[in-house]
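> From these two lone chains plus the hints, build me the complex, please.
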Amino acid sequence: MVWLNVLVQGILIGGFYALFACGLSLMFGVLKVINLAHGDMAVVAGYVAVFLTPHLHLPEVWSFLIVVPIFTLVGYVLQRTLIQKSIDRDPFTTLLVTFGLSVVIENLLLEIYSANGQTVNIGDLIAKSWHPASIIYVSYVSLGVLGVAVLVLFILQLFLSKTGTGRLIRAVADDREAAQLSGANYRHIFGIAASLAFATVALAGIAYGMMTQFAPTSGGVNLLFAFEAVVIGGIGSLWGTLVGGIALGIAQQFGAHINPQYQILAGNILFLVVLALRPQGLFGRRTSLA
Amino acid sequence: MSEEGISTGQNARRVLGEFEFGRRLGLQALGVMAASGAIASLTDISAAHAATKSGTIKIGYVSPQTGALADFAGPDAFVLQQIKASSYFSKGIMIGGTKYKIEITVKDTQSQPNVAVQVTQELINSGVDLVLVSSAPETTIPVATTCEQYKVPCVSTVVPWEAYWGGFTGATISPEGAATGTGPTYNSTFFFGIPQFVGTFVPMWQRIQKQVKCNTNVAEMYPNDSDGNAFRAAFAPTEQAIYPNGGYNFVDGGAYTDGTTDYSAMIQTFKTGGANGAACDLFINCPLPPDFQSFWTQASQQDWNPKLATVAKVMLFPTDAYALGDLSNNIATDAWFTPYSPYKSSLTGQSAYAFAAAYQKAGHGQWVQSMGSTYALFEIAIQGLKKVHNPHDRLALAEALQVVNYDGMCGPVNMNLKSSNPMLSSPAKGIGIISPVGVQWKPGSTDLVGHHKYAWSQWVVDNSLNKHIPINGTLEPTNV
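Protein sequences appear in the order of chains A and B.
One rule links them: number in the working numbering = place in the first sequence (from 1) + 319.
One rule links them: number in the working numbering = place in the second sequence (from 1) + 25.
These are computed hints drawn from the structure, not numbers from a lab.
Some hints here could point you the wrong way.
Using 30 Å as the maximum straight-line C-alpha spacing, the simulated DSS-like pairs for lysine-lysine come out as follows [stated by the list, open to error]:
#, chain 1, residue 1, chain 2, residue 2
1, B, K296, A, K447
2, B, K124, B, K176
3, A, K447, B, K412
4, B, K454, B, K296
5, B, K454, B, K369
6, A, K447, B, K238
7, B, K412, B, K369
8, A, K447, B, K338
9, B, K235, B, K467
10, B, K443, B, K454
11, B, K467, B, K109
12, B, K467, B, K176
13, B, K132, B, K386
14, A, K447, B, K478
15, B, K478, B, K412
Selected chain B positions facing chain A (Cβ under 10 Å, derived; list incomplete) [said to hold, decoys possible]:
#, residue
16, G279
17, Q318
18, N439
For each residue, glycine too, the CB sits at the ideal point set by N, CA and C.
Excised from the complex, chain B in its bound form (with noise of 0.2 Å):
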């Protein structure tokens, strides 16, 4: 793969206005197979003969423990522990007559993509059945794209469907949001995109637009990497798309680079570039979270202070808040697993308040949201296998994973969905939309899971897009 190749291909793609990043890394995941690919595919076929007469079942689960990612996979341990205690992992899983052990092995990304390929490598030349992967396109494009070249099922989460989709060759997002092409064969996914970030965000902002002085100018604070190429493509025109009476003006901050320390012109901007020189009171983005650590200290020092901040890919685990302090009073983003949600697991029938809970007394630390959808990628697993007469069959349990349809941990996922609420239904098969609600960071209290008060705590203040998930606090402005 040469890099003209590469930069010939992102070109194309950024004159349709598209998603370059996931392919960008589906390239890299290809080059890194190219180099170790020859060796690998020889012991694959091998070890995929094996594999087929084995009375076992092995789950490879790949994610980012450490490095910049780390805090997506904070709860992996805990939620691999309450997985391997449920019936099915403990006991076996009866398939066409046979009795299977389901055997886990954990592989750890650093945060990096070519390190994902490597170990995703070292799984299928250990006979892996099945690949789950959570936790940024950083992670689960390469991730899946190598599944996909050896023919190895994967089911992927926490990565916006556009980024998924856009990762496979073959694949395409027209300049609507719409999944076109050709999309993988042995690989699905569960999360939400871009609409469901305007459908959360959205609604709060005409909410903030009652309760006090508000305008319609919003700051878009997207860096020049893959998510923010994909946010600064797709939220405006998704936005119009949804609220055509919206109203709102974006303005974009501009494209910086990931690691910038400095943000004054780009708040100056914020400050000034509304419509008629106003201020924006509106603000979304999604940096890495040292960026916006940065980016918010430095917006309150220059006194800009939008009245509602709605964040993404930042400010999603505690660890962020404690890091801000008081800055991070009542600045909301999305949340796709919360304890008081009506959900509960599909192996032990535990609800998600009590698995919160659980997690909170063994001493984690408060709940994240991402052990909602790490339990999930397991439950889809078991829904998986449960449909195939040999576990061993790579192409049937692919198949039998993209028509997921089940209720659990992150409530109803449908991986092939056909519904007149674009909102829910499925942008093409093998992929399930789960419903975020909106969420802010306040104070916590005793009131919540566990009865134990954190410092910040996240608190639902709306749900829109999902209402089946109860409000549990006011929605409130960033900045008075």
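Bound-form chain A, shown alone (with noise of 0.2 Å):
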């Protein structure tokens, strides 16, 4: 039954990082950007969630109405202007660029909102669960964050395979000179798929300030296991992204159960065991996406 516990209790965490690691699955898979401003992303829909929502006199637990649509449209920019001019010069500027926006979202976020730390206030449901057996329980906001990470990528996987803009992002993602040749805008089509990794981080940033506390520099360590997650699944591989997600919180809580030292070893022994012996990860198809 402990085993069963530690099991369950990480399939519940390893939701949150397939959350996380999703936009940064598709901005690698399609892009073939690391954005290493990804966390910070996160950090900063956490935060648009707790003082934008207020204002507009809903609960903080709706805010994903809200923060989704900005961070589409904000993904569709950024990527338009600042991302996609990085990818016209080298794959080096890209890790630059998105490296110094990290810096300076952190900073601005120290200078305008402080060091202290914020949580998206879902009131008593925070601390509620379900109780399926005897030591088991089930925090209802992990099982959310964990149905609302397998939505997503049941949605993001059927709209690539589905619909005509994602059969494009798949070509795009595959080989973008042949995509071109065929008439493919692939600035568009980056656009489009960088707004919905930017969807998805909004999601994963309001997970995760309802989760847990967030701070200006909480993005940093996000961002690593969203890095193991994606690694681990397969580079390109949304389920496998999920997989990967499930498989480093099932390693954490195992190395947890033994000693609470070995919790996040225990996840970086895994990442480092499947770069070893399968470096493409779990899911991994070379270049294709889906």
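Encoded structure:
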């Protein structure tokens, strides 16, 4: 029963990692951009949720209705301006630009909102849980986040495989030049992919704010976990990202069960083992998406 | 300073079961100094020379105004404004027949030890006569060790004295928790240490055990960092030394990493790790504030509801309680300054109550306990300056500061007290012990300071260590 609980808690936290990683996975899979500001973007989403929604007389739990559309737009604009400009130069520039963005965001947040921690207030719900069996308690918030992660990945998967725009995104991801020769406006396609990625980042940021406290510098550690989830699952595979996130969560819980000292270490070891034995990740297929 | 040297030093200390934390920060400080030391020491000498003739006393104040520890420095602007308005600071001070003006320079560490060293060097290069520093070992140790290196007087506060003492080369803590070895010459500090945490928390545990059904299993949540390792090494042994018949069974949740967001494994340990597989009904910790928030909400999700939570390092300030909302109800912590103390300013005679009320009236929100300790730093500076003939004589000023004995905003501070009461006695010359009280977070009331009702306020519920501070709230279980 103890080990079952470890597994359950691992899957729950893994759902959050997957949600957090899915934007990173999209950006890397389609744009070939490692967005080092990914974690900070999520933190910004948290701040927007906390500081904007009260002005709209909306409970913070519904803040995603506002924040997700904003981020979808921001993602498109940011892609068409800053990120595209750096893609046009070389991959190193995108690393530098997103790193710079990360530093700027952290310091701006610090300047505007100070270093105080913030949470997305969801009232009593945060402390509630479902108690299916003896020692197993399933937090409603974590369960909700896992559900959202699965739903988001399912919708994205459906979008990429069934719609015209989705097929264009996959085409551009597979072979940009060939897609361009066939008449695809890859910059616009990149913009759409980035706006999708940013929409998921907004959800992840709000979820993080509900689950725990965030501060201007909280983005970094989550970026690391998201990156590990993407690599474990396989770069370019969305379902892989879900599996990668859950695998990371379970590994961390197993480590923590032995000793809390090993919680993060166990996740890192899994990451290294996957990198060593299967560098393309569990579900990776070299350069394809979906 | 090589990495190898650092790790060997740490291992040696770990074997002794001592506080490695302070030492590590001290070594970091030395490392940063080594990098910029050559230039700094050259300019330092000329600056110091110029300062000996100046008619101005320069005081540097260092605190973490931004970053993770920013809450500690929240009242800085208000306190400095009050200090500067007081007569010594606005009109000047007579020392040895000469009138000196006092100038205060404020520096921010950004909550980072290496920045703390840099800003201290800047202060020293600008010729300060004295450095004051507050808030957490990450701030005070690098500043104190830098001052010691450059032979500049320094007074620190809001740092457990064990961590302070352990930060200096040659100073050690014995397995019994006594200050041994050679202490610093230019430094002094006032705060309290592990025995006072024990003396504040354990009486509350005992009282709760009389009120409700509550076992003796104590859950310990200590991170794998400086403070965490210090508590892990010292809290349980000190408790057993002070209360040999306490019968408490400590359950260590394990040395987790700061910034962990999922605590389900540790909570599971606390639910079943007590004697005979019982849950732990008492809880003590010293985590970073965001980590405590994650832990505490997850404990509630996982249905672990300790009868009494006595926390250290978190829930000190109202922002922590506002962030947790209802989950902060009846969490207990320590308070080293409260508006309800019978203490008053040695500079203006203003009472602690009036001081806190003025803070709230000035629109800074609810009073915070670090306002008292920061205020006291400047009071102590004046106490030291009054005892010397030349304020630019650094050694004389440092010696005067190490034996400061006065009554002020944080109550009586005697840096060299030889008392039969181990809870009050100075562990070494230059370490003043103030006595905290136990407080609990409860919904605010218009009966409290300023007659303004805040969502959450600290109520004094236990004064076992300091009978001068009246109790104004009832100790209640955190969870029934």
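> Hint check: A:K447 vs B:K338, CA-CA at most 30 Å. Holds or violated?
Distance of about 26 Å is within 30 Å: holds.
> Is B:K454 within 30 Å of B:K296, Cα to Cα?
violated, 44 Å
> Quickly compare the C-alpha distance for A:K447 and B:K478 to 30 Å and report which way the hint goes.
holds, 28 Å
> Quick one, are B:K467 and B:K176 close enough, alpha carbons at most 30 Å?
Violated, at about 46 Å.
> Given B:N439 as an interface hint, is its Cβ closer than 10 Å to any Cβ of chain A?
Where the cut-off is 10 Å and the nearest Cβ of chain A is about 35 Å from B:N439, the hint is violated.
> Would the pair B:K412 and B:K369 pass a check requiring their Cα atoms to be no farther apart than 30 Å?
holds, 21 Å
> When you check the alpha-carbon spacing of B:K454 and B:K369, does it fall within 30 Å?
Holds. B:K454 to B:K369 sits at ~25 Å (cutoff 30 Å).
> Check the hint pairing B:K467 with B:K109 against an upper bound of 30 Å on the C-alpha distance.
It is violated: about 34 Å lies between the C-alpha atoms, which goes past 30 Å.
> Regarding the pair B:K235 and B:K467, is the alpha-carbon distance no greater than 30 Å?
This hinted pair holds, its Cα atoms lying about 21 Å apart.
> Does the alpha-carbon distance linking B:K296 and A:K447 stay inside the 30 Å limit?
With a Cα-Cα distance of about 17 Å, the restraint between B:K296 and A:K447 holds, given a limit of 30 Å.
> Can the restraint linking B:K443 and B:K454 be considered satisfied, given a maximum Cα separation of 30 Å?
holds, 9 Å
> Given the hinted pair B:K132 and B:K386, is their alpha-carbon gap at most 30 Å?
holds, 26 Å
In summary, the structure is inconsistent with hints 3, 4, 11, 12, 15, 18 from the numbered list given earlier, while agreeing with the others.
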